[in-house]
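Visitor: Model the full assembly from the supplied sequences, consistent with the hints where possible.
Chains as they are written, first to last, in my numbering: chain A, 1 to 195; chain B, 1001 to 1450.
Mixed in with the good hints there might be a few duds.
The following label-pair restraints were derived from C-beta to C-beta distances [stated by the list, open to error]:
#: 1; chain 1: B; residue 1: Ala1438; chain 2: A; residue 2: Leu80; range: 44 to 52 Å
#: 2; chain 1: B; residue 1: Arg1135; chain 2: A; residue 2: Phe95; range: 35 to 43 Å
#: 3; chain 1: B; residue 1: Leu1423; chain 2: A; residue 2: Ala86; range: 55 to 63 Å
#: 4; chain 1: A; residue 1: Ser45; chain 2: B; residue 2: Gly1324; range: 53 to 61 Å
#: 5; chain 1: B; residue 1: Ala1047; chain 2: A; residue 2: Ser45; range: 23 to 31 Å
#: 6; chain 1: B; residue 1: Ser1202; chain 2: A; residue 2: Arg18; range: 26 to 34 Å
#: 7; chain 1: A; residue 1: Ala195; chain 2: B; residue 2: Trp1403; range: 38 to 46 Å
#: 8; chain 1: B; residue 1: Arg1057; chain 2: A; residue 2: Ala90; range: 40 to 48 Å
#: 9; chain 1: A; residue 1: Arg18; chain 2: B; residue 2: Gly1009; range: 32 to 40 Å
#: 10; chain 1: B; residue 1: Phe1042; chain 2: A; residue 2: Leu80; range: 50 to 58 Å
From chain B, some residues computed to sit far from chain A (all C-beta separations above 12 Å) [as the list claims (entries may be wrong)]:
#: 11; residue: Ile1037
#: 12; residue: Gly1125
#: 13; residue: Ile1379
#: 14; residue: Ala1421
It is worth saying that the hints were derived from the structure and are not from the lab.
Glycine included, every Cβ here is placed at the ideal spot set by N, Cα and C.
If you want the building blocks of each chain, they are given just below.
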Amino acid sequence: MLLLAIVAVATLAANSARQLRYMAVAFFGVAIAAHLIDDGSLSASQIVVSMCAALVASAILFVSARDRRYGEDPGWRLWLATIVAAATTAAAFAFLRPATGDDINTNLLGPDPSGVTTEVAAFWLLSSGIAILLTARGAVRGSLGALLMLTGTQLLVRMVPGPELALTLLLSWLQVVVALAGAFLIVNQRAAREA
Amino acid sequence: MIEIIGLLGIAALFAFTVRKRVALVATVTLAALAATIAIVVFMPAEASGEVLDLPWRMSELGRLAAVVLLGTLALMVLAVWVDQPAYNFFPTALVIAAVVLSVLVLTTPIAIYAALLLGLLVPVGSFTFQVHRNRSAEAAYRHFSFVALGGCLGLSALALSASLGRDQPPTTFVLLVVILVVAFALKLAAIPFHTHAALLASEVPASALALYFGVLVPTTFIAFAEILVLSGLLPAIVEIGKVQDLLLSLGLVSALGGAFLATGSSELRRVAVYSVIANLGQSLIGIATLSGPGIIGAMSIALVTGLAATQQLLAVGTLERRAGADRPSATTAPLAALAFVVGGFAMIGAPPLVAFPGHFFVELIAYSYSGLLGTALVIATLGVLLAQLRAAMAIFRSAPDRWRVEQRPIAGIVGGLVFLALLIGGVQPDGFLRPIAAFADEFLRALHPL
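Guide: This is how it looks when you write it as structure tokens:
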């Protein structure tokens, strides 16, 4: 639960940041906390691969800012994105949570084998990402939204039985490519605006 | 198979490092594509294996689609090399070749989807050019947003459906299938999710547009059909008619909307792009009928439309460059103009091209489904025909005293080669349709697993 709280707070920090570099750092915080949520199926290799991808993605965004001040002011979009994300998370959890009939037991620090924490974090990140992406004016917040959504997706894919390491690798590559494409667009949009 | 995909990846990295030496990078790209096509052709039937516990299989459809799509990619590389050297295009083409192969051979839905997303994001670099003079950066950003949104939603829906037990309430599966369908509609630019495609059509280079609509969109459609089969969601679609209705509605709106938008377009590239969207609408209807002929027609239309889009968009690029600030005209590039016109024949599914059986099957099955649906599809085809006729008349409006073939007529040659391939396919349709029919069998078996 503590990691879930860190995910939520770090997401809000990334969402409210005006500077791209702060966004990148906050996103790395989100990714670390999200990938460390233990639902009993975590393996060291998966954590290492996911963390590396998150670090590379954050570094790409950080470098693409080129200076400390560059970014996008969220303004009212921050509140809209937060409210929509909170409402959608609750709705998604209510509709898509497996109907197992088991009691939900969560604790503050230990692992959560029921997977509730992982699911809530995934739905929160997906909802926040969608809200940020849909209200973004440019590639700065658009990239953040896409990366948050992808982190949420990684959490959901982690719960799928099957070739876990292969899927983790694929999604980690995808995260790096999303960050690269986002950074490319950030640089180009900035060049177009400053011309 | 992983070795071939890996080699394509290494070739892409090499191409990226030497991308400004156009002759070298183009030669490497063509050689890599030709070698991959040869390996795919000579690979044993139903070859299979595993990579990191991830199974793969070269199905009959996979082989056919790989040859068609990689062949299309090779023709594009040739055209870009000869006529409009864009050095970013070559590494992008190699990455997309690796992605196309991965999508066609992988058998795990989430892996197919993730590979597809990689492929859809890579052209962002090729879409963007001269950002001070046009809105290509905005178009590329919108494409990025649509792919990220649709991609993450679709992946999440697939992950949830794979992790949930089959004893969930039906509404849960309906919701997941609806999310998956909408996610693919976003990536296929199905109407009303086509706004990014409209901006791309007017702002990005014609070669990048051909890459997207000629290779990536057909690959996305094939991935959609494969994922439906492999995810085990098809029985839920059969049980709950609402999802089938959603697919039919999306297809119908895209077919009619695409045709009307094409009819109203004065730009050649928009005519080509909206014709593709109209044809994809027909393909969606073919899949939505959940019948053998419908599925064969849908897959056939998707593949042939990719070829026709390549023909037309490469021709448009040449016509626009030769015309400069004037309207594109056959007087400046007659062979490219001819390639555009013959591309229109494939786009409307005219016999004796291999484009015909697909359109025929889908329209026939649509009539058996409902008279209204069949009529709507015929109207959509007539709309595309009208749009293509208007475009052809606009290009050939003025005639010079003496026709003279343009310099470096590569778009015309590519158009001729594609037309020849479609003609041979039309004369011998069995070789083209049999692998698709094998896939349709798999699809129908997945519909009724018991």
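Visitor: A separate judgement is required for each hint: does it hold in the structure or not?
Guide: Okay, the hints, checked on the actual structure:
no., hint, result
1, B:Ala1438 <-> A:Leu80: 44 to 52 Å, "50 Å, holds"
2, B:Arg1135 <-> A:Phe95: 35 to 43 Å, "38 Å, holds"
3, B:Leu1423 <-> A:Ala86: 55 to 63 Å, "59 Å, holds"
4, A:Ser45 <-> B:Gly1324: 53 to 61 Å, "57 Å, holds"
5, B:Ala1047 <-> A:Ser45: 23 to 31 Å, "29 Å, holds"
6, B:Ser1202 <-> A:Arg18: 26 to 34 Å, "33 Å, holds"
7, A:Ala195 <-> B:Trp1403: 38 to 46 Å, "42 Å, holds"
8, B:Arg1057 <-> A:Ala90: 40 to 48 Å, "41 Å, holds"
9, A:Arg18 <-> B:Gly1009: 32 to 40 Å, "38 Å, holds"
10, B:Phe1042 <-> A:Leu80: 50 to 58 Å, "56 Å, holds"
11, Ile1037, "25 Å, holds"
12, Gly1125, "6 Å, violated"
13, Ile1379, "34 Å, holds"
14, Ala1421, "32 Å, holds"
Of the numbered hints stated above, the single one contradicted by the structure is hint 12.
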